[in-house]
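Starting from the known structure of chain A, fit chain B onto it as the hints suggest.
There are 2 protein chains.
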Amino acid sequence: MTTSYEALKAHLATIGDLQSALALLSWDQETQLPPGAAESRARQMSTLSRLQHEIFTGDETALLLEKAAHDLNGADYASDEASLIRVVQQDYELATKIPAAHVAEMTHQESLAHHVWAEARANNDFKKFLPALERIMELKRQEADYLGYVETPYDALLNQYERGMTTAQVKAIFDAHRPALVELIAAINAAPQVDDAVLHRNFDIGKQRDFGLKMIEAYGFDFKRGVQAISVHPFCTSFSINDVRITTRFEDSFLNPALFGMMHEAGHGMYEQGVAQNLEGSPLASGTSLGVHESQSRMWENIVGRSREFWVWALPQLREVFPQQLEGVSLDDFYKAINTVKRSFIRVEADEATYNLHIILRFEIEQELLNGTLKPADLPEVWNSKFTEFFGITPPTDTLGVLQDVHWSAGLVGYFATYALGNLLSVQYYEQALKAHPNLPNEISQGKFDTLRQWLNENIHQHGRKFTAAELTQRVTGGAIDPTPYMRYLKTKFSAVYGL
Amino acid sequence: MTTSYEALKAHLATIGDLQSALALLSWDQETQLPPGAAESRARQMSTLSRLQHEIFTGDETALLLEKAAHDLNGADYASDEASLIRVVQQDYELATKIPAAHVAEMTHQESLAHHVWAEARANNDFKKFLPALERIMELKRQEADYLGYVETPYDALLNQYERGMTTAQVKAIFDAHRPALVELIAAINAAPQVDDAVLHRNFDIGKQRDFGLKMIEAYGFDFKRGVQAISVHPFCTSFSINDVRITTRFEDSFLNPALFGMMHEAGHGMYEQGVAQNLEGSPLASGTSLGVHESQSRMWENIVGRSREFWVWALPQLREVFPQQLEGVSLDDFYKAINTVKRSFIRVEADEATYNLHIILRFEIEQELLNGTLKPADLPEVWNSKFTEFFGITPPTDTLGVLQDVHWSAGLVGYFATYALGNLLSVQYYEQALKAHPNLPNEISQGKFDTLRQWLNENIHQHGRKFTAAELTQRVTGGAIDPTPYMRYLKTKFSAVYGL
Numbered sequence: 000m001t002t003s004y005e006a007l008k009a010h011l012a013t014i015g016d017l018q019s020a021l022a023l024l025s026w027d028q029e030t031q032l033p034p035g036a037a038e039s040r041a042r043q044m045s046t047l048s049r050l051q052h053e054i055f056t057g058d059e060t061a062l063l064l065e066k067a068a069h070d071l072n073g074a075d076y077a078s079d080e081a082s083l084i085r086v087v088q089q090d091y092e093l094a095t096k097i098p099a100a101h102v103a104e105m106t107h108q109e110s111l112a113h114h115v116w117a118e119a120r121a122n123n124d125f126k127k128f129l130p131a132l133e134r135i136m137e138l139k140r141q142e143a144d145y146l147g148y149v150e151t152p153y154d155a156l157l158n159q160y161e162r163g164m165t166t167a168q169v170k171a172i173f174d175a176h177r178p179a180l181v182e183l184i185a186a187i188n189a190a191p192q193v194d195d196a197v198l199h200r201n202f203d204i205g206k207q208r209d210f211g212l213k214m215i216e217a218y219g220f221d222f223k224r225g226v227q228a229i230s231v232h233p234f235c236t237s238f239s240i241n242d243v244r245i246t247t248r249f250e251d252s253f254l255n256p257a258l259f260g261m262m263h264e265a266g267h268g269m270y271e272q273g274v275a276q277n278l279e280g281s282p283l284a285s286g287t288s289l290g291v292h293e294s295q296s297r298m299w300e301n302i303v304g305r306s307r308e309f310w311v312w313a314l315p316q317l318r319e320v321f322p323q324q325l326e327g328v329s330l331d332d333f334y335k336a337i338n339t340v341k342r343s344f345i346r347v348e349a350d351e352a353t354y355n356l357h358i359i360l361r362f363e364i365e366q367e368l369l370n371g372t373l374k375p376a377d378l379p380e381v382w383n384s385k386f387t388e389f390f391g392i393t394p395p396t397d398t399l400g401v402l403q404d405v406h407w408s409a410g411l412v413g414y415f416a417t418y419a420l421g422n423l424l425s426v427q428y429y430e431q432a433l434k435a436h437p438n439l440p441n442e443i444s445q446g447k448f449d450t451l452r453q454w455l456n457e458n459i460h461q462h463g464r465k466f467t468a469a470e471l472t473q474r475v476t477g478g479a480i481d482p483t484p485y486m487r488y489l490k491t492k493f494s495a496v497y498g499l
Numbered sequence: 000m001t002t003s004y005e006a007l008k009a010h011l012a013t014i015g016d017l018q019s020a021l022a023l024l025s026w027d028q029e030t031q032l033p034p035g036a037a038e039s040r041a042r043q044m045s046t047l048s049r050l051q052h053e054i055f056t057g058d059e060t061a062l063l064l065e066k067a068a069h070d071l072n073g074a075d076y077a078s079d080e081a082s083l084i085r086v087v088q089q090d091y092e093l094a095t096k097i098p099a100a101h102v103a104e105m106t107h108q109e110s111l112a113h114h115v116w117a118e119a120r121a122n123n124d125f126k127k128f129l130p131a132l133e134r135i136m137e138l139k140r141q142e143a144d145y146l147g148y149v150e151t152p153y154d155a156l157l158n159q160y161e162r163g164m165t166t167a168q169v170k171a172i173f174d175a176h177r178p179a180l181v182e183l184i185a186a187i188n189a190a191p192q193v194d195d196a197v198l199h200r201n202f203d204i205g206k207q208r209d210f211g212l213k214m215i216e217a218y219g220f221d222f223k224r225g226v227q228a229i230s231v232h233p234f235c236t237s238f239s240i241n242d243v244r245i246t247t248r249f250e251d252s253f254l255n256p257a258l259f260g261m262m263h264e265a266g267h268g269m270y271e272q273g274v275a276q277n278l279e280g281s282p283l284a285s286g287t288s289l290g291v292h293e294s295q296s297r298m299w300e301n302i303v304g305r306s307r308e309f310w311v312w313a314l315p316q317l318r319e320v321f322p323q324q325l326e327g328v329s330l331d332d333f334y335k336a337i338n339t340v341k342r343s344f345i346r347v348e349a350d351e352a353t354y355n356l357h358i359i360l361r362f363e364i365e366q367e368l369l370n371g372t373l374k375p376a377d378l379p380e381v382w383n384s385k386f387t388e389f390f391g392i393t394p395p396t397d398t399l400g401v402l403q404d405v406h407w408s409a410g411l412v413g414y415f416a417t418y419a420l421g422n423l424l425s426v427q428y429y430e431q432a433l434k435a436h437p438n439l440p441n442e443i444s445q446g447k448f449d450t451l452r453q454w455l456n457e458n459i460h461q462h463g464r465k466f467t468a469a470e471l472t473q474r475v476t477g478g479a480i481d482p483t484p485y486m487r488y489l490k491t492k493f494s495a496v497y498g499l
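Chains as they are written, first to last, in numbering that gives the first Met the number 0: chain A, 0 to 499; chain B, 0 to 499.
For reference, chain A alone in the conformation it holds in the complex (with noise of 0.2 Å):
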């Protein structure tokens, strides 16, 4: 006799069948597809996208969930059940509430504003973009409110990336190491610059593909339930926590975007497959927030991957790859130029030090711009004294300024909070590791990194969605998200590299 919870599984199922489906009509349309099947394959993605949600928003979802939670009433909240339940409540609750005729209105323009924002981002053109984003502002503050929030609209918002976090909490977190993070920043510019050059030799990408491959392969990804492929924009996806792909962009005269691509998606990638197998097929299979996403990848490409132990271990097999290249250089020196922070316009091509600073500013524009107090029209000088105000150096146009990031037009809004508090979750989470594990830096120089990746999989992992960003944190460091950590991470770091 089939029980609610598992006629509730199994047409949760069908829907997280359809879902996998569309993120390998994506996949593939990243790395594969024949430039004339673009129009084909957009309608695809959004059949299997209208299906998916149709039959989860229907009528039966919300009677399954109903039957199931009479009948496991007082499960334990940490229970693969209970935890199924809720979480999917809750999602059920997320879905149901904007109506199909908004989603398909936004879709709509999110779609056509994405042209408008390449077209002016290209010809540094604000103006172009200002309708299409004011359209867009004004439909996200419609969604908020749909949404429904207690005290501002950009909770609501932020809730869909980051469920449970509210807007004055991040506030709390930003403004408690925002100064630091200038101080910082000013103290590292006027010290001399270190040399970064031998990152920018040439260097063949089929051999930094192997390279890097070696590498994460060592960190654990598991390629028996995963694959790597290329792409213009890397991302981490998954059909299935036993079928997980990143993606690389190579460049053949700089070694960052790859090698530290890789790690960094391989990061994503062993969270992924790093859910535990009782949970496979269920809505309950991977990652909980982008928040603690990004502590993983964070944590592989930075505190492991750019620590001096990772490249005792890792130089020498790196020099047996490219021995012309890196002549001469030694673990400091490559130490150094892997490690440089440079004052940059640019987020994605930001530095440890200064990528969190990038955010702030964003996550104080978002707020403005949905509460009305910044009309997009300002955007361009807004951004522009804050980002001095905060970096001391002012973008000279505003395609290396307000119009960078892909987000806004693709309806993304309350997003990039996220990678900052994975940045301060990657070292809050790493010194729990520490405390368990004190001879883990030791390991890490001689290649060894399963003590490392067991105790992520056991603490984090392996929960899946079961728990929300701020749950798993305070189980896993009895506390809540907290940037003393990091910033004293960036400080030791720093002060060494830039002798401050």
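Honestly, the hints are just simulated from the structure, not real lab data.
Given the structure is predicted, the values throughout are model-derived calculations rather than measurements.
Among the hints, a few may not be true.
The list makes no distinction among identical chains, and a pair is therefore deemed to hold if it is satisfied within one copy or across any two copies.
[Stated by the list, open to error] As a list, the in silico SDA-like pairs of lysine to any residue whose alpha-carbon atoms are at most 25 Å apart:
id: 1; residue 1: Lys335; residue 2: Trp310
id: 2; residue 1: Lys223; residue 2: His113
id: 3; residue 1: Lys374; residue 2: Phe390
id: 4; residue 1: Lys335; residue 2: Val405
id: 5; residue 1: Lys490; residue 2: Phe259
Positioned in the frame of chain A, the structure of chain B alone reads:
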């Protein structure tokens, strides 16, 4: 205002998009799936297949079809509108005649049978496969009853792959050329064998791939609307007429599988790419039958790709790629090598001359199995005695005999005939193209394939599924499917190669 026809098309587009996603899941499974994902992928494919079947066989399809048929009553038979309604009415009838429970049971038995068959073939153990085969034949007989037929149950199964053709028609076609085939093969076998050692030298796979891609690009396979990848079993699939994918199997010590395999799959691919753009996204946007599809792949593989004219143009290029391997090999040597006729036990390794005989054997056996005049337990004996009668050699094992094909374990009964029909049609169609353009051989010897491809496009490809194989053949040749041209072609070609 939406017309009833537009409503029907929109409904069918949803089903088509699900079908395309399903085809992508399958393509990815064969070309890229990590080994650990087999189970989740099977679940995803089964879900999409179920959804697609549910939506297509639902009442909405019947209602929309009825309305559109009523509104467009009297439309020209060959019009897009009348063709769509006619073909989909037939699809709907076939899809709704078989109860869902039977489909599920069939899927279940096939999944079990596949493993059993693979093991039985590996161990030359027919008895191991027998119970599964018996069960599948029972189910296929039942399926024929559900589908209905006038003369013989085999008609119902054949109709699924070659719509409108009857067993009696195929039998007449096969009977009309079987004796001549047996005679030709015996004559070839009595003549001195040609030397094909040149094809079995060492050929770098990367270079094979580049050369093959160059050949099929010259044929006219459109890489702006197509992709080539590697898989264990070569195939062609499409997710729209603007996204057609082919796969290749490479051997480093045998030139044929990749070289002629790519030509073969490109022939299928150009058929799909050649369907008229105004049919894109509709159920008519594909090849009309397996037989006609095979006529295209065989034409480009054999009539063009194994012609002396083709190698006048291509051999100098292949010699540049593999100078050592082809040292001292003349055009005549090479032409004979690629046209070697060998009596072999295995169908998929068969040449142009012996191929249809392998098929006729299966066609005769399948009918007896389905009619019950042959018990599955007696298969090995009957197979071997028939094989000896046809080829003059006896399979030493069941692995090289009755166990060689995957088809029966996959429930594909009535399918084999289409391979042979494709061979016959390839020559019938090519003769018509040659009548219209007598200069074709000369063009081929200069590496010009546009005239042939455009003729095929105009006369065959563009129509998609509008006409059945019989209708199309009547339009193109003015007559019915006829083995005479094929036998004439074989005799002329192989009399020259073997000096008969």
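Quick rundown of the hints versus the structure:
{"no.": "1", "hint": "Lys335 with Trp310", "in the structure": "within (11 Å within a copy, 59 Å between copies)"}
{"no.": "2", "hint": "Lys223 with His113", "in the structure": "between (36 Å within a copy, 23 Å between copies)"}
{"no.": "3", "hint": "Lys374 with Phe390", "in the structure": "within (23 Å within a copy, 84 Å between copies)"}
{"no.": "4", "hint": "Lys335 with Val405", "in the structure": "neither (31 Å within a copy, 60 Å between copies)"}
{"no.": "5", "hint": "Lys490 with Phe259", "in the structure": "within (21 Å within a copy, 64 Å between copies)"}
Of the numbered hints given earlier, the model fails hint 4 alone.
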